[in-house]
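Based on the provided sequences and hints, a complete structural model is requested.
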Amino acid sequence: MGGWNWLFCGRSKAGGGELRPPEPFQLPAPLPEWPQGGDFAKGTICIGEVDVTSITKFRSIWTCSDATFYEPEGIPDGFHCLGHYAQQNDRPLQGFLLVAREVASHQVIDTKPALEKPSDYSLVWTSADANEDDNSECGCIWLPCPPNGYKALGYVVTKGPKKPSLEAVRCVRDDLTDTRENFHSIANMDNACQIWKTRPCHRGVGGRGIPVGTFSCETDSTDSDESSTPCLKNVDSNLGAMPNLEQINALIKHYGPTVFFHPQETYLPSSVSWFFENGATLHEKDAKMGDAILPGGLNLPVGGTNDGEYWIDLPDDDRKELVRAGNLKSAELYAHVKPAHGGTFTDIAMWVFCPFNGPATIKVGFASFALQKVGRHIGDWEHFTLRVSNFSGQLSSIYFSQHSGGEWVEACDLEFISGNKAIIYSSRNGHASYPHPGCYLMGSETLGVGVRNDVARSDLSVDSSTRYEIISAGHLGEDAVAEPCWLQYMREWGPTITYSSRSEIDTALSFLPFFLRFTAEAIFNSLPAELYEEEGPTGPKEKNNWEGDERC
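Heads up, the sequence shown stops at 552 in the numbering used here, and the numbers go up one at a time, no gaps.
It is worth saying that the hints were derived from the structure and are not from the lab.
Careful: at least some of the hints might be erroneous.
As the list claims (entries may be wrong) - When the alpha-carbon atoms are kept at most 30 Å apart in a straight line, the in silico DSSO-like pairs for lysine-lysine are as follows:
| hint | residue 1 | residue 2 |
| --- | --- | --- |
| 1 | K288 | K320 |
| 2 | K42 | K163 |
| 3 | K117 | K42 |
| 4 | K57 | K42 |
| 5 | K42 | K197 |
| 6 | K163 | K57 |
What the hints assert, rightly or not - So the derived label-pair ranges between C-beta atoms look like this:
| hint | residue 1 | residue 2 | range |
| --- | --- | --- | --- |
| 7 | F416 | E132 | 45 to 51 Å |
| 8 | R517 | R91 | 37 to 43 Å |
| 9 | D307 | E226 | 32 to 38 Å |
| 10 | S237 | K117 | 27 to 33 Å |
| 11 | D506 | H184 | 50 to 56 Å |
| 12 | R517 | E321 | 19 to 25 Å |
| 13 | P92 | T305 | 41 to 47 Å |
| 14 | E132 | R91 | 29 to 35 Å |
| 15 | D291 | I497 | 15 to 21 Å |
| 16 | S237 | T305 | 27 to 33 Å |
| 17 | L328 | P76 | 46 to 52 Å |
From the three backbone atoms N, C-alpha and C, an ideal C-beta is built for every residue, glycine too.
As structure tokens, this is what we get:
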């Protein structure tokens with residue numbers, strides 16, 4: 001787990017001031033009444049032998065200088081807590097805890113109950129001072145001791161040294177759980193244990209792991225990312241809480257972000273149909289000439305793999321520069337809707353197409369160098385993803401795709417333009433997505449060396465809440481959404497052109513002082529290889545995140 005920035009979590013605040021937990025986050029506007037149908041936004045989801053509901057209101061238990069620990073507030077009758085929640089204090093309170101109840105209709109003779117009380121608790125960590133007589137204000141973290149055949153899905157926190165009640169939480173039968181991993185550090189408790197935010201190990205369309213919202217507490221120094229406690233598993237293949245087509249349209253219209261392109265952007269997006277209609281060509285290996293692509297991509301090869309036998313190119317006539325520049329008026333977002341976290345969330349991946357990806361600009365210290373070749377390629381597919389809770393229809397986070405990776409940004413850290421519609425900033429020439437304006441470096445922010453990603457608001461924008469097309473929603477069945485022909489094209493949307501693009505960077509680096517040059521070279525050598533070659537991307541359906549989770 002090297003590379004994480006650990007946070008020291010002390011017992012008191014400098015100056016003796018009162019420790020205050022963060023204020024709860026709320027979206028800018030209230031949620032609408034979602035269209036009716038199925039179990040979407042009904043509050044409770046059946047995952048087999050267990051019903052779960054999401055609690056987003058918390059009661060603070062104990063606060064230290066960097067984090068606060070919470071228990072769920074307002075648990076419905078019949079439901080049980082599975083563990084407590086933890087969050088850093090330097091950001092608004094946004095989180096959830098799942099609470100569970102056993103489904104009576106699933107109880108089978110000679111089968112153990114799905115939920116069971118712990119037999120005891122073991123103390124994992126305490127802030128109590130052995131030299132003090134009164135430790136009533138100390139914080140204690142306890143791990144429930146599950147009965148044989150069960151697992152604890154979270155930890156219990158108390159203020160004071162008294163052991164929690166056995167009624168405080170429930171453990172879950174082993175076969176109804178799945179593994180989870182630590183992925184974001186919350187706090188370092190006196191260097192004795194690390195508090196982690198977790199996520200299921202098995203994610204993506206086929207993943208059945210369900211995040212419970214509980215934190216993980218690790219006391220050893222192993223490099224394993226796997227959490228010591230599991231998450232829930234959805235054993236109901238129905239996924240009945242996923243939204244129907246009418247609900248999907250309502251979600252996009254309510255949350256669809258506005259995408260802002262840089263005011264000096266040269267290579268704007270277009271619709272795929274405009275690209276085809278204005279002369280895009282399909283080329284086959286060893287063929288001398290390309291063929292005009294028919295409307296909708298009817299003559300594109302379907303299926304297969306990216307075997308290098310076909311590729312798409314710009315027109316070979318006087319329309320080439322026109323198409324290269326894109327056509328903002330025609331541009332629209334292409335929505336792929338899929339289940340996430342065992343069907344308890346919905347991911348809406350919004351894809352944008354640009355006919356051309358422009359060359360990069362590199363930054364070395366205070367100097368910037370606009371390159372001519374590095375980074376450019378014909379055809380550019382970029383995306384961002386809305387993640388929505390199927391318990392309520394509330395926006396949880398947005399994924400911002402950034403070249404070979406990206407980042408999830410929770411709703412409390414987004415910038416909103418109207419109601420609950422966020423802003424997506426698209427970087428100049430490269431079209432990577434970012435949550436706030438500025439200059440983002442792909443390289444070393446500390447040294448100021450890397451590839452620039454400049455983003456800013458401008459008059460060049462696309463409102464995805466009105467200009468979109470749903471191109472796939474597999475959970476609705478084969479006939480619910482007619483996938484366009486071009487979506488089945490698995491080859492590259494641009495030719496591969498080989499040249500010594502690295503020489504451009506070497507020329508720029510030659511102006512640097514000798515002591516800085518080798519550091520800068522090491523940084524540029526660590527960047528993705530795709531930066532140094534002109535190769536068209538494959539389409540959305542050939543990407544790993546079409547079936548898998550986002551890369552971050």
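request  = For E132 and R91, compare the CB-CB distance with the range 29 to 35 Å and indicate the outcome.
outcome  = For E132 and R91 the Cβ distance comes to about 31 Å; the hint holds.
task = Check the following: the C-beta atoms of S237 and K117 are separated by a distance inside 27 to 33 Å.
result = holds, 29 Å
ask   = Given the proposed pairing of K163 with K57, does the C-alpha separation stay at or below 30 Å?
value = holds, 24 Å
request  = Could you grab the alpha-carbon distance between K42 and K197 and see if it respects the 30 Å cut-off?
outcome  = Given that 30 Å is the threshold and the Cα spacing comes to 26 Å, the pair holds.
message = Given the hint of 32 to 38 Å, is the C-beta distance from D307 to E226 inside that range or not?
response = Cβ of D307 to Cβ of E226: about 37 Å, so the range 32 to 38 Å holds.
query = When you take the CB atoms of D506 and H184, is the distance between them in 50 to 56 Å?
reply = Given a distance of about 37 Å, which is not inside 50 to 56 Å, the answer is violated.
message = Tell me if the beta carbons of R517 and R91 are separated by a distance inside 37 to 43 Å.
response = This hint holds: roughly 39 Å between Cβ atoms.
ask   = Honestly, do D291 and I497 meet the 15 to 21 Å range at C-beta?
value = At roughly 20 Å between Cβ atoms, I497 and D291 fall inside 15 to 21 Å, so the hint holds.
Distance restraint between K57 and K42, which requires alpha-carbon spacing of 30 Å or less = Holds, at about 17 Å.
task = Using the beta carbons of R517 and E321, state whether their distance is inside 19 to 25 Å or not.
result = Since R517 and E321 have Cβ atoms about 37 Å apart, the given range 19 to 25 Å is violated.
inquiry  = Quick check on a hinted range of 41 to 47 Å for P92 and T305, using CB atoms only.
reply    = Holds: the Cβ-Cβ distance is about 45 Å, inside 41 to 47 Å.
30 Å limit on alpha-carbon distance, applied to hinted pair K288 and K320 = holds, 18 Å
Checked against the numbered hints above, the structure violates hints 2, 11 and 12; every other hint is satisfied.
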